[in-house]
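**Q** Numbering (the numbering used here), first residue to last: 19 to 187.
Keep in mind that a hint or two might mislead.
[Claimed, not checked] Straight-line C-alpha distance at most 20 Å; calculated SDA-like pairs for lysine to any residue:
| hint | residue 1 | residue 2 |
| --- | --- | --- |
| 1 | 119 | 69 |
| 2 | 114 | 141 |
| 3 | 34 | 146 |
| 4 | 119 | 142 |
| 5 | 122 | 92 |
| 6 | 133 | 152 |
| 7 | 114 | 52 |
| 8 | 87 | 47 |
| 9 | 114 | 44 |
| 10 | 114 | 158 |
| 11 | 34 | 141 |
| 12 | 87 | 73 |
| 13 | 45 | 118 |
| 14 | 87 | 126 |
| 15 | 87 | 48 |
| 16 | 62 | 99 |
| 17 | 59 | 76 |
| 18 | 87 | 52 |
| 19 | 34 | 92 |
| 20 | 59 | 71 |
| 21 | 133 | 158 |
| 22 | 45 | 119 |
| 23 | 114 | 136 |
| 24 | 45 | 72 |
| 25 | 114 | 51 |
| 26 | 122 | 34 |
| 27 | 59 | 47 |
| 28 | 87 | 32 |
| 29 | 119 | 32 |
| 30 | 62 | 97 |
| 31 | 119 | 66 |
| 32 | 122 | 158 |
| 33 | 59 | 103 |
| 34 | 119 | 27 |
| 35 | 119 | 76 |
| 36 | 122 | 62 |
[Claimed, not checked] DEER-style ranges, computed between Cβ atoms:
| hint | residue 1 | residue 2 | range |
| --- | --- | --- | --- |
| 37 | 161 | 61 | 35 to 45 Å |
| 38 | 32 | 151 | 16 to 26 Å |
| 39 | 130 | 98 | 18 to 28 Å |
| 40 | 120 | 73 | 10 to 20 Å |
These aren't lab readings, by the way, just hints derived from the structure by calculation.
None of these values were measured; they are calculated from a predicted model.
Built from N, CA and C at the ideal position, the CB exists for glycine as well.
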Amino acid sequence: MNLNGAQILQVDLPDKLDGFWVHICVKPHNDQFAYLVSAYKNDKYPTGTIIISEELFYDYPDMYVCLDKNYYTFRIYTNPIHRRQGYWIPLGIFFKHFFSKHFKVELEASPDRSKVADLIYNQQRNVGGQDYASPILAGGRIEREEMEPPRDPAFPLIWFGQRIGGFNE
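Go ahead and model the full structure; you've got the sequences and the hints to work with.
**A** Structure follows, in structure tokens:
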């Protein structure tokens with residue numbers, strides 16, 4: 019199906035992701051990122067809908083990941099009500115295979131990842147049966163204490179002020 023230049027696919031997501039649909043923005047209007055993947059848990063589209071387009075949705079996603087030009091996960095966000103639900107493990111495994119098949123791209127965790135991102139990445143690797151692990155950057159974020167991400171995203175600006183949990187003061 020095609021809607022206003024967007025490609026719309028219907029896929030089977032893992033049971034854990036019941037209620038989720040996804041938007042993949044290719045070529046987001048930012049020189050740093052190759053893709054911006056947003057996951058929504060609502061009934062705007064049926065479970066398993068994947069929309070691929072060059073435009074961003076205005077709606078703030080429940081989860082998103084920015085993929086840089088090296089196809090590393092640059093930034094990951096999860097709505098507080100969905101944290102600690104284990105959604106990133108099946109979502110990460112699914113997208114590793116999806117991007118490999120549909121875009122001929124191999125996704126990997128950033129070498130400069132946080133402790134939480136490294137934990138999720140290693141769980142995904144174990145469940146998905148991946149032997150290779152992207153190296154960790156010495157002196158990087160993994161060696162520092164976690165901090166609360168900024169209240170509003172630096173990119174994309176279209177989402178500024180929509181993050182769950184209020185606004186910056």
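**Q** Decide, hint by hint, whether the structure agrees.
**A** Hint check:
no., hint, in the structure
1, 119 / 69, "holds (16 Å)"
2, 114 / 141, "holds (13 Å)"
3, 34 / 146, "holds (15 Å)"
4, 119 / 142, "holds (18 Å)"
5, 122 / 92, "holds (19 Å)"
6, 133 / 152, "holds (14 Å)"
7, 114 / 52, "holds (15 Å)"
8, 87 / 47, "holds (13 Å)"
9, 114 / 44, "holds (16 Å)"
10, 114 / 158, "violated (24 Å)"
11, 34 / 141, "holds (15 Å)"
12, 87 / 73, "holds (18 Å)"
13, 45 / 118, "holds (17 Å)"
14, 87 / 126, "holds (12 Å)"
15, 87 / 48, "holds (10 Å)"
16, 62 / 99, "holds (18 Å)"
17, 59 / 76, "holds (15 Å)"
18, 87 / 52, "holds (5 Å)"
19, 34 / 92, "violated (24 Å)"
20, 59 / 71, "holds (19 Å)"
21, 133 / 158, "holds (10 Å)"
22, 45 / 119, "holds (18 Å)"
23, 114 / 136, "holds (16 Å)"
24, 45 / 72, "holds (6 Å)"
25, 114 / 51, "holds (17 Å)"
26, 122 / 34, "violated (26 Å)"
27, 59 / 47, "violated (25 Å)"
28, 87 / 32, "violated (28 Å)"
29, 119 / 32, "holds (17 Å)"
30, 62 / 97, "holds (17 Å)"
31, 119 / 66, "holds (16 Å)"
32, 122 / 158, "violated (29 Å)"
33, 59 / 103, "holds (13 Å)"
34, 119 / 27, "holds (13 Å)"
35, 119 / 76, "violated (28 Å)"
36, 122 / 62, "violated (29 Å)"
37, 161 / 61: 35 to 45 Å, "holds (42 Å)"
38, 32 / 151: 16 to 26 Å, "holds (22 Å)"
39, 130 / 98: 18 to 28 Å, "holds (24 Å)"
40, 120 / 73: 10 to 20 Å, "holds (18 Å)"
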